[in-house]
Every structure is written in structure tokens, then in C-alpha cells.
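Given the coordinates of chain G, assemble chain R onto it according to the supplied hints.
The primary structure of each chain is shown beneath.
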Amino acid sequence: MPAARWRGRAGRDTLAVMIQTLTIILGFQLAGEVISRIADLPLPGPVAGMLLLVAACILRPSLADRIRPTTTGLLSHLSLFFVPAGVGIIAHWQSLRSDGLGIAVAVMASTLLAIAAGALAFTWVARLTRSEEPDALRDQGHE
Amino acid sequence: MNDPLLIWSYLAQGPLVWLTATLVAYLIGDACFRAAGRKSWANPVLVAVILLALLLISTGTDYATYFEGAQFVHFMLGPATVALGLPLYDNLPRVRKAALPMLAGLLAGSITAVASALLIARAFGVGGSVLASLAPKSTTAPVAIGIAERIGGQPTLTAALVLLTGIFGAIIVTPLLNALRIRDWRARGFAIGVAAHGIGTARAFQVNQTAGAFSGIGMGLNAVLTAIIAPLALHLFGG
Numbered sequence: 080m081p082a083a084r085w086r087g088r089a090g091r092d093t094l095a096v097m098i099q100t101l102t103i104i105l106g107f108q109l110a111g112e113v114i115s116r117i118a119d120l121p122l123p124g125p126v127a128g129m130l131l132l133v134a135a136c137i138l139r140p141s142l143a144d145r146i147r148p149t150t151t152g153l154l155s156h157l158s159l160f161f162v163p164a165g166v167g168i169i170a171h172w173q174s175l176r177s178d179g180l181g182i183a184v185a186v187m188a189s190t191l192l193a194i195a196a197g198a199l200a201f202t203w204v205a206r207l208t209r210s211e212e213p214d215a216l217r218d219q220g221h222e
Numbered sequence: 014m015n016d017p018l019l020i021w022s023y024l025a026q027g028p029l030v031w032l033t034a035t036l037v038a039y040l041i042g043d044a045c046f047r048a049a050g051r052k053s054w055a056n057p058v059l060v061a062v063i064l065l066a067l068l069l070i071s072t073g074t075d076y077a078t079y080f081e082g083a084q085f086v087h088f089m090l091g092p093a094t095v096a097l098g099l100p101l102y103d104n105l106p107r108v109r110k111a112a113l114p115m116l117a118g119l120l121a122g123s124i125t126a127v128a129s130a131l132l133i134a135r136a137f138g139v140g141g142s143v144l145a146s147l148a149p150k151s152t153t154a155p156v157a158i159g160i161a162e163r164i165g166g167q168p169t170l171t172a173a174l175v176l177l178t179g180i181f182g183a184i185i186v187t188p189l190l191n192a193l194r195i196r197d198w199r200a201r202g203f204a205i206g207v208a209a210h211g212i213g214t215a216r217a218f219q220v221n222q223t224a225g226a227f228s229g230i231g232m233g234l235n236a237v238l239t240a241i242i243a244p245l246a247l248h249l250f251g252g
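Protein chains in written order, with this note's numbering: chain G, 80 to 222; chain R, 14 to 252.
Bound-form chain G, shown alone:
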């Protein structure tokens, strides 16, 4: 039976679960889009939809369990969705080339500085408020 391939370990139809989850997620994106336009928020629709999803999960924790399998898969391949926009860099190659060196140095140096400043400020205040969770380097096998 080829149809059996689509059934997950729990015996549920995994494709149906995917479709349900996508419908739920698109519903929240749609609601976020509508609310952000009606209320004229500075947030883009998907970010408003994300906050609505959090609120809905707080009100109904079973929702979180239902969407977890598909959502986790979606997020582990988040990189894929940036590829089409990334290819757009070649479409703007001329405008990037005119101020190339200054732009390249500014993007690289400021990104490096911003990551360092954000992480150092976070850990510094975490230490002050005694809420540290220092296990990252150990997990990565650095110590």
C-alpha cells in the first residue's frame, strides 16, 4: 500500500498534519496582516502573527503540541526561504559596486561589533542579576 508511506509512527496521516499546521500558521499570518494594517503598527504582518500565535498557545496549550512536528521541521530549514532574496544580490551588483569598499567594510565591521556588543551586554547584565545559564561552550565541546 503506497498510502502507508504517508502515515507517521503514531498512525496519523503526516501529510494531513502538515496541511492542518500550514493552514493554522497562514491563518495567524493573515490575522497579523489585518491587525497590523488596521492598527497601523510598525510591525510587519508575520511578526504580528507570531505574537498572536504565542498568545493563542498560552490560551490553548494543546495548539502548541498539534503544530510542533511541522513547525520544528519548517524552522530547521529556515535557511531555504532566504535563498530567492539572496540571489537578488546579483541584481543589485551595480549599486553595490559603486561604493563597494566602504559598504563592505561597514557591513562586516558593524555586524561583528553588533554581535559582540549584544552578547557581552546580555551576559554582563545576566551576571549582575544572577540569572546566568553558562553551558554553551561545554555543549560545543570547547571545554
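There could be a bad hint or two in this list.
What the hints assert, rightly or not - Sample of chain R residues lacking proximity to chain G, with all beta carbon distances greater than 10 Å (derived): (1) T72; (2) G73; (3) H87; (4) E162; (5) L177.
What the hints assert, rightly or not - Simulated coverage check for chain G against chain R, where a stretch passes if three residues somewhere in it have a Cβ under 8 Å from a Cβ of chain R: (6) 134-148; (7) 155-169; (8) 195-206.
What the hints contain is simulated information worked out from the structure, not anything from laboratory work. C-beta atoms are modelled at their ideal positions from N, C-alpha and C, and glycine is treated no differently.
This is chain R only, laid out in the frame that chain G set:
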């Protein structure tokens, strides 16, 4: 129609070839990433973009034609952003506990990203609308484009700068934070989310779920804060 050139010119105008090419390029990028031991320099977005760019240039295809097919993948950015709500929900108790460290990391990361980019670019003689396009580069693309339009930047240039920032951030974050001996997954994730938006968040999820959740929060908060500070910073450092 059995002339291969005719078949190609027929296919190259439709979405099928470019959608397939996008997925194949990503699968190759992901395979390279795994083969390289999940190291950050083998960034799957970077590998896929280089492969597709070479393909477009060698076949003389313009970006608009390519995007006809790739838009189906591009569309999924919205649902993926909504999906970030789940790790945020899963980590809510830890998020509440980390409110103050997050506020500090957000202010430091966001202000550094905008101010240092403007100061460095201006030192190289960059000015005008390019500076305005550069100011919001650390935020997620739709927000960055909105901010750039409001302060006199070029939306398409901003989109390219946002992506370069994300790819570069995703590549350097692991060695940089290891060198700084940052041991807290929350700090590591939050900092990359603030500085390098969704591409940084994708990198964070490759490494650790907690880092990914905090990166998503950092990205969302920075989108709001940059909308406020980018016009101010441009006023202060742009002139």
C-alpha cells in the same frame, strides 16, 4: 518541439525550472554544510546563492524571470516568521527571567549595528541615499525596506545589504562568540538575532534550540527598535 534550445527557452520562461533549481541549490548547500561538519563558514544560503547566481549569469537569465519561480519559496518567509512563535512560547518562562539581560543586549546590539555602520561608511566617503539604505541593514528585510523608504534610502539596495549582513553574521557568529567565551546559549542566540535577523536565526537553529528561540525574539525586538533609532542615527551621523 524537439530542438533542445527551443525546449530550454520555453522552460526558462516558466516557474518550474527556477523553482526546481532553487530547491536543488539549497539541497546542495545543505549537503555541503553537513559534509563540512555543520561549520558556520559552509553557510547553506551562501552556497545556494552562489550556485544560482552562476546559473543565472551563465544562462543569461534576469532576476525577475528567476523570481517568477522562486517566489513560491520566498513566500514561505512569512509563515516561517509566524512559526517562530512556537519556540518563543516554549521558552516563555526563560524569556521572562531574562527580560533585563535581553533589554541590555537589544540596546547595545541595535545601537552598535546602526551607529557603527553609518560612521564607518561615512569615513569611506559613502553618503546620501546609500547611507540611508545602510542604516536598517540588521533588521528583517520587510521592516528594513519600510524604514529605508521612510528615511530616503533605496529599497532594493537595502534588501541586498540586509542579506549580506545576515550571511556574514551567520558565518562569523560561532568563531566570534567562542573567541569572546560567551557561554550562554540565550546570549549567543539573542545577539545574532539582533545583529543578523532571520539568516542569523536560521544559523542559531542549526546549533541549538534555545539559541534559535532567543534569536527569533532578538530579531523581532530589533525590528521595532531600529524603526525608532535609524532616523535618529541618520540625523546624528549621516550629515
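Verification of the supplied hints:
no.: 1; hint: T72; verdict: 13 Å, holds
no.: 2; hint: G73; verdict: 13 Å, holds
no.: 3; hint: H87; verdict: 4 Å, violated
no.: 4; hint: E162; verdict: 13 Å, holds
no.: 5; hint: L177; verdict: 5 Å, violated
no.: 6; hint: 134-148; verdict: holds (count 5)
no.: 7; hint: 155-169; verdict: holds (count 15)
no.: 8; hint: 195-206; verdict: holds (count 11)
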